[in-house]
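Student: Under the numbering used here, think of the first position of the sequence shown as 774, with each following residue one higher.
In case anyone wonders, no lab produced these hints; they're calculated from the structure. Just so it is clear, CB atoms sit at the ideal spot from N, CA and C, and this is done for glycine as well. Hints are supplied without guarantee of correctness; some may be wrong.
[Stated by the list, open to error] In silico lysine-lysine, DSS-like type, Cα no more than 30 Å apart, as pairs:
#: 1; residue 1: 959; residue 2: 829
#: 2; residue 1: 959; residue 2: 824
#: 3; residue 1: 836; residue 2: 911
[Stated by the list, open to error] The calculated label-pair distances, taken between Cβ atoms and stated as ranges, are:
#: 4; residue 1: 867; residue 2: 955; range: 26 to 32 Å
#: 5; residue 1: 817; residue 2: 963; range: 19 to 25 Å
#: 6; residue 1: 899; residue 2: 937; range: 37 to 43 Å
#: 7; residue 1: 820; residue 2: 966; range: 20 to 26 Å
#: 8; residue 1: 774; residue 2: 966; range: 32 to 38 Å
#: 9; residue 1: 855; residue 2: 959; range: 46 to 52 Å
#: 10; residue 1: 892; residue 2: 831; range: 20 to 26 Å
#: 11; residue 1: 824; residue 2: 862; range: 42 to 48 Å
#: 12; residue 1: 934; residue 2: 962; range: 42 to 48 Å
#: 13; residue 1: 774; residue 2: 823; range: 17 to 23 Å
#: 14; residue 1: 824; residue 2: 937; range: 47 to 53 Å
#: 15; residue 1: 866; residue 2: 828; range: 56 to 62 Å
#: 16; residue 1: 784; residue 2: 893; range: 18 to 24 Å
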Amino acid sequence: ISIVTLLSIGLVEVVVGYLGGSVVAIADGIDSFSDAMISFIVLLGLRIAHKPPNKKFPFGYHKVETLAALIASIGMIVIGSVIFYHSYQALIHPHEIKQPYITMIVLASASIISLHRAFQMRKIANKYNLLSLKTDAKNSIKDGSASVIGFISVLIATQFGILQMDAIGGMVIAGYIFSVAYLSLKRSSFILIDSCEDSNL
Numbered sequence: 774i775s776i777v778t779l780l781s782i783g784l785v786e787v788v789v790g791y792l793g794g795s796v797v798a799i800a801d802g803i804d805s806f807s808d809a810m811i812s813f814i815v816l817l818g819l820r821i822a823h824k825p826p827n828k829k830f831p832f833g834y835h836k837v838e839t840l841a842a843l844i845a846s847i848g849m850i851v852i853g854s855v856i857f858y859h860s861y862q863a864l865i866h867p868h869e870i871k872q873p874y875i876t877m878i879v880l881a882s883a884s885i886i887s888l889h890r891a892f893q894m895r896k897i898a899n900k901y902n903l904l905s906l907k908t909d910a911k912n913s914i915k916d917g918s919a920s921v922i923g924f925i926s927v928l929i930a931t932q933f934g935i936l937q938m939d940a941i942g943g944m945v946i947a948g949y950i951f952s953v954a955y956l957s958l959k960r961s962s963f964i965l966i967d968s969c970e971d972s973n974l
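Can you make the complete structure from the sequences, with help from the hints?
Tutor: Structure follows, in structure tokens:
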């Protein structure tokens, strides 16, 4: 459900952003595509993690789930870098957004759908204590928040004539992606090298 929803949101945002000339809408759409990829990696990780132990893996495949979270974090850094670069280019060469109202409606709808999906995912992640799904849930909350930032950026750019806000919104989304990726990267790396705060565990 998460993957299909994200791909749909991403496609609509990229098309609207491209037709309307909004960098922040395209950035948010690319972010949604990257989140779909991350959800797919998490899905694969969870499928493999629950395979029973065998001769080659006598302790089972549980760390595959953490490895999936690590790969997802690296993917987020790459996507964040691409978004930041294109937003910076738009900041240097700002331009008017052609379809501001349609763009704002799409961004507002994307934020509502993403946040609803994120809180559902976080509930499941907390219930089963799954790091990769918790990472995906945080990423989804970030995705919903990014759409809100996009909406505000387009609103300021079109209603107040500050055209650079579209590009600044894209850069803020990139920064948000980096922060979530860093926290996830740190936590999953520590687990993979057997760092543990609770010695009884």
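Student: Each of the hints needs a verdict: does it hold here or not?
Tutor: Checked hints:
Between residue 959 and residue 829 the CA atoms are separated by roughly 28 Å; this keeps the pair inside 30 Å, and the hint holds. Proposed proximity of residue 959 and residue 824 is supported: the alpha carbons are some 26 Å apart, at most 30 Å. Of the supplied pair hints, the one linking residue 836 and residue 911 holds, its CA atoms being roughly 20 Å apart against a limit of 30 Å. Taken as a hint, the range 26 to 32 Å holds for the pair residue 867 and residue 955, whose Cβ atoms sit roughly 29 Å apart.
Residue 817 and residue 963 have their C-beta atoms about 22 Å apart, which keeps the hinted 19 to 25 Å range intact. Distance hint check for residue 899 and residue 937: the Cβ-Cβ separation is about 40 Å, which falls inside the suggested range of 37 to 43 Å. Under the hint 20 to 26 Å, the C-beta atoms of residue 820 and residue 966, about 24 Å apart, fit the expected range. Checked against the hint of 32 to 38 Å, the C-beta distance between residue 774 and residue 966 comes to roughly 33 Å, which is consistent with it.
A C-beta distance of roughly 22 Å is found between residue 855 and residue 959, which places it outside the suggested range of 46 to 52 Å. Distance hint check: the CB atoms of residue 892 and residue 831 are about 38 Å apart, inconsistent with the given range 20 to 26 Å. In this structure the supplied range 42 to 48 Å holds for residue 824 paired with residue 862, their Cβ-Cβ distance being about 45 Å. Between residue 934 and residue 962, the C-beta spacing of about 45 Å keeps the proposed range 42 to 48 Å intact.
The hinted range of 17 to 23 Å is satisfied by residue 774 and residue 823, whose Cβ atoms lie roughly 19 Å apart. A hinted range of 47 to 53 Å for the beta carbons of residue 824 and residue 937 is consistent with their spacing of about 51 Å. Checked against the hint of 56 to 62 Å, the pair residue 866 and residue 828 passes, with Cβ atoms roughly 60 Å apart. Look at residue 784 against residue 893: about 21 Å separates their beta carbons, and that is inside 18 to 24 Å.
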